[in-house]
Amino acid sequence: MNGETTLGRFDTQTALVGAGTGAEMTLVLTVVMTVAAAVIFVAVMGVAWWAWRRETNVRPWWVWTGGVVVPVITLALLVVGSSLTLAAIGEVDEEPAVIEVTGHQYWWDVIHDPRDRSLRDANEIVLPVDQPVTLRLKSEDVIHSFWVPSISGKMDMIPGRTNALTVTATRIGRFRGQCAEFCGLSHPLMAFEVVVVSTENYAAYLDGLETEARDADTLQRTRGRDVFIEAGCPACHAIRGVAEGARIGPDLTRVGGRASLGAGMWAMNVGNLAGWIADVQDMKPGAQMPSYNHLSGPDLRAVAHYLESLK
Amino acid sequence: MPDGAEHRTFGKAGLGLVTVGALAATASVVAWSLASPSNDPVGAMVSRVGAGWERLTQWYAGNPVADRPNWSAMQVKLLDAQSDRGPDAMVRYGCGACHVIPGVAGARGTVGPSLAGFADRAYIAGILTNAPGNLQRWLIDPPLFAPDTAMPDMSVTEADAADMAAYLLSLTGAP
Ligand SMILES: [Cu+2]
Chain A
0 MNGETTLGRF
10 DTQTALVGAG
20 TGAEMTLVLT
30 VVMTVAAAVI
40 FVAVMGVAWW
50 AWRRETNVRP
60 WWVWTGGVVV
70 PVITLALLVV
80 GSSLTLAAIG
90 EVDEEPAVIE
100 VTGHQYWWDV
110 IHDPRDRSLR
120 DANEIVLPVD
130 QPVTLRLKSE
140 DVIHSFWVPS
150 ISGKMDMIPG
160 RTNALTVTAT
170 RIGRFRGQCA
180 EFCGLSHPLM
190 AFEVVVVSTE
200 NYAAYLDGLE
210 TEARDADTLQ
220 RTRGRDVFIE
230 AGCPACHAIR
240 GVAEGARIGP
250 DLTRVGGRAS
260 LGAGMWAMNV
270 GNLAGWIADV
280 QDMKPGAQMP
290 SYNHLSGPDL
300 RAVAHYLESL
310 K
Chain B
0 MPDGAEHRTF
10 GKAGLGLVTV
20 GALAATASVV
30 AWSLASPSND
40 PVGAMVSRVG
50 AGWERLTQWY
60 AGNPVADRPN
70 WSAMQVKLLD
80 AQSDRGPDAM
90 VRYGCGACHV
100 IPGVAGARGT
110 VGPSLAGFAD
120 RAYIAGILTN
130 APGNLQRWLI
140 DPPLFAPDTA
150 MPDMSVTEAD
160 AADMAAYLLS
170 LTGAP
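Line by line, the protein sequences give chains A and B.
For the first sequence, numbering that gives the first Met the number 0 begins at 0 and goes up steadily by one.
For the second sequence, numbering that gives the first Met the number 0 begins at 0 and goes up steadily by one.
Please note that the accuracy of each hint is not assured.
Selected chain B positions facing chain A (Cβ under 10 Å, derived; list incomplete) [unchecked claim]: (1) R91; (2) G105; (3) A145; (4) S154.
No wet-lab data here; the hints were simulated from the structure.
Note that beta-carbon positions come from the ideal geometry of N, C-alpha and C, so glycine has one too.
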């Protein structure tokens, strides 16, 4: 087999190469604990071997030290260490920016600055580098779990609740995230991408989320926009300036500008877009969108080309 | 005389007359053009056709419009196309969303026909004969050949089309 795997578009996801304070601190903690556990294991085995060879008598102080005092001290150290680390992960010097992420079967709704500007996007979360961000995590249907291993630990998204996860990304780049709680038929196909950019680029990105979608500037794209409306897509999808309000499916205002289609799963291009629209149920079984295999060939091509041009 | 013999006789005479007439006409046209070079219908026709041909070849040679594929160069390129680069290109263009393609990750689509055993197919989409150059052209602009098709023009480059065509033409066996 060649090309992409079931992991989708973006790299393998790993917690062993940190790109966020949370993941980096957790990594240190993991290494320290693993090494300590290995040392203790070797020491215990050594003592056991020694006891077995020497046929020594039972010595109560050994039992008390090795069985009670040392474990209590060790466990206390572990508890204090990991609690301090956990506390430090959430601790930030500046007022964090806020991004609201809502899990849906099987995609992610994203709202930047929900209190003030309320800027919507989907399936791609853009973060400013070296700046704390509080993710307000919600769910629209069942329990999902938000996890970007390179950046931070995971946090459940629970219907009717808002969980907060504060992260600071430390490296510019693209990182894969994944829903980490079984949520239905296409749970394995519910990924997303985190794009970490410079502070200036983040500001520019936010401004871009305020503008209307790009104009349809060719005959085919104009036809595609008409097909989008005639076929009833605005019942579920919003495109700013064309059709607003719907929230059942991802916002498509800049869908062609995402690196991936279908929540982090396929390359964004005309071929995959056309295939998705014609037969989404085949690509992502159980997705809350019907397959549009009744569109004529030219209409299918037109709407795919139109969406691809929305960057 | 047996029945119908006079018809045959008249038929032979007619043919003879036509032949003689045609020879005479040709001879007189040639004689006329030899006699007065200033009034030369045959020569004029020949040179007009020649000029037209010249203009056509010049147009063709000088006119690979910016983004119009250069077919003859493509035929050559297909020779050094690499079929093992095909699957990667197909993943990049998203062919698998619509086609089942053996050896291409995730290519399970049922929007279009399965491409298994494609080397044995006689026609491409029932329209073009299944030759390397034709397959490459189809991949670059399917609606050019099948205006109502659902397969989109995906801005496939000539080199990628060559690699994908080479790969598809390596797929033999039962579909
Ligand atoms: Cu899930």
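Hint check:
no., hint, in the structure
1, R91, "holds (6 Å)"
2, G105, "holds (7 Å)"
3, A145, "holds (8 Å)"
4, S154, "holds (7 Å)"
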